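Asker: Listed below, chain by chain, are the residues.
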Amino acid sequence: MSEKGAIIRIRGLKNSFGDQIVHDGLDLDVRRGEILGVVGGSGTGKSVLMRSIVGLQQPVAGTIEVFGEPIAGRSEEEAQDMRRRWGVLFQGGALFSTLTVAENVQVPLREFYGDLDDRLLDEIAAYKVAMSGLPAEAGPKYPSELSGGMRKRAGLARALALDPELLFLDEPTAGLDPIGAANFDELTESLKKTLGLTVFLITHDLDTLYAICDRVAVLADKRVIAVGTIPELLALDHPWIQEYFNGPRGRVAADATKRHSGNGRDADRPMTELGA
Amino acid sequence: MSERADFILDDGQDRRTLRFTGALTLARIGDLPARLDALDPLPDRIDLSGVERMDTIGAWLVHRLAQHEAEVTGADPDQAHLLEQVSAADKPLKIRPDTRPPFLRVMDEIGAATLQAGRTLIGLIGFFGLTVITGWRLIREPRRFRFNAIVRQFEVVGVEALAIIGLMSFLIGIVIAQQGAVQLRQFGAEVFAINLIGRITLRELGVLMTAIMVAGRSGSAFAAQIGSMRLAEEVDAMRTIGVSPMEALVLPRVIAGTVLMPLLGFYASIVAMIGGGIFCWLSLDIPPVTFVQRIREVVPMTDLWVGLIKAPVFGVIIAMSGCFQGMQVKGNAEEVGLRTTAAVVQAIFLVIVLDAVFAVFFSSIGWI
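In order, the protein sequence lines correspond to chains A and B.
Numbering-wise, the first sequence is residues 1 to 276 according to this note's numbering.
Numbering-wise, the second sequence is residues 1001 to 1368 according to this note's numbering.
There may be inaccurate statements among the hints.
Label-pair distances were calculated between CB atoms; the ranges are [stated by the list, open to error]: (1) 1334/B - 63/A: 32 to 42 angstroms; (2) 1361/B - 17/A: 52 to 62 angstroms; (3) 1244/B - 31/A: 39 to 49 angstroms; (4) 110/A - 1232/B: 31 to 41 angstroms.
Computed footprint of chain B on chain A, listed as stretches where at least three residues anywhere in the stretch have a Cβ under 8 angstroms from a Cβ of chain B [what the hints assert, rightly or not]: (5) 44 to 52; (6) 202 to 212; (7) 225 to 239.
These aren't lab readings, by the way, just hints derived from the structure by calculation.
This one's a predicted model, so the numbers in the text were calculated from it and none came from an experiment.
We put the CB at the ideal spot given by N, CA and C, even for glycine.
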């Protein structure tokens, strides 16, 4: 039962490391233009799932299609064509440590579009850095001189360098302070609106889920046990889902969202009063 | 696939209009930026109604062109939003840090390196003092002695190194015997190769080569282990729990280095002599019994003492450089690699400098 307009389509995915099976019979569709949140307990293989989709992890069985074409069995050239259509933000930012932030942003541009002239490259790097919410001073700095949050933003700027259709974010708000995390959520949402992005978002952050995710996929028991909007998920009778969204933290995040929408405001406003 | 980005210039009676066509996206942009740069005179109206698709790079080009007092028309709401976003992000940004003239940079680097060397030396001396104080405290309070940690280091530094040091020394013994024999044959004095083997291995090469091997094997390991413990805040955790990192990490390694270097050095000398002896036997027809007899005649006891006195000093130097550099790690993982390299280079450098000092010292007290 394939969904129409699926930008990522996974069927029967199986991943294992030695004897340890991470995924078994995992199915998932990501629709074009949505922000799909992926949640699951620690060790349920959220990052492994992302790595499988972008081709860093060779699955044992199953098929993965991105942009309507299978990932496996592609020549290097075809794989390159696919890579220029997506951007990936790794957990720690994964910036190249020998390059400055701005040079990091230019790497994909130089790699895929080598004939752009240097002045335009510099201009592109400049507005990408500014769009990802970094101050102008950050441009000539090296990753080791940046804080964790700034590194993530720089990583996002690099992931967005090619104006991808599909963006993978691996725990973008983990380790950020609540204000920074809320800003990051706003940024993701506004980029999605501006660029028409599809976002595959791995997160533990309940606020992020409530604020910006169109749908949420829940990973448990080695597969995706449910996909849907949060109200749809809450209607299900799965103990982990119930505990996740109805636990003390889940309720606080839900309340905050309600308060905001009750005021007629966007749900993605910073939730700074959470701590109060 | 959509059409590549292009434009049409339309010179009206009083306005010059530029109509973009095709897809204004990175993939379809081609040589458009260069052609836009070459435009003269600039248009005063930009029409986007013919644009199929636009991404931020297309929007940036439009924004750049529109800066010269041009009016943008025909943008749909999405494109207008994109233009707005891009122009909001138009801030000057430096790509690389400022560079200074080469001469100043060289001067700066020399100065920084000199300061760094001075600081390292002072730091190392301070570290040595701290180790001695910690050692003294341990002697007065022997129950704080970490017996298990020391035994563990003995195993890692000593036992596990036996194979590689043995092999290296054996081969060095053969090389010395062979090279010595070739040269001495010219004078018909091949038998003196035995003097060469016995004296040079006990006095110099046995200990020196062992020191280099231990620096490469264990000095680097000390720096890397302690360095990654610093990164993971393990060392800080120790301090907050009341465990002294000097006692728990540094001292066992320094003790292991000090005790094991003489043992390993002696072992290396003996294996090198065995290698040399086998070469003499097979190649010069000197039977092992004669070889041993000859060694006992020509090698003075002082040669053994020279080697054995130097060895523990080298051991301290190697272990301390490793631990010192490891403790200096802060910041990121890259630093661990740099510090590990620094530990090995520093240890080997200091060992060779001290070896020269020892050579002068022993010859002046008559142990020639």
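Asker: CB of residue 110/A to CB of residue 1232/B, is that within 31 to 41 angstroms?
Answerer: Holds - the Cβ-Cβ distance for residue 110/A and residue 1232/B, about 35 angstroms, lies within 31 to 41 angstroms.
Asker: Are there three or more residues in the region 202 to 212 of chain A whose C-beta lies closer than 8 angstroms to some C-beta of chain B?
Answerer: violated (count 0)
Asker: For the hint 52 to 62 angstroms, verify it against the beta carbon of residue 1361/B and that of residue 17/A.
Answerer: 59 angstroms, holds
Asker: Examine the region 225 to 239 of chain A for residues whose CB is less than 8 angstroms from any CB of chain B, and state whether their number is three or more.
Answerer: violated (count 0)
Asker: For the hint 39 to 49 angstroms, verify it against the beta carbon of residue 1244/B and that of residue 31/A.
Answerer: 59 angstroms, violated
Asker: Residue count check for the region 44 to 52 of chain A against chain B: does it reach three with CB-CB under 8 angstroms?
Answerer: violated (count 0)
Asker: Using the beta carbons of residue 1334/B and residue 63/A, state whether their distance is inside 32 to 42 angstroms or not.
Answerer: For residue 1334/B and residue 63/A the Cβ distance comes to about 39 angstroms; the hint holds.
Violated hints, listed in ascending order, are 3, 5, 6 and 7; each of the other numbered hints is respected by the structure.
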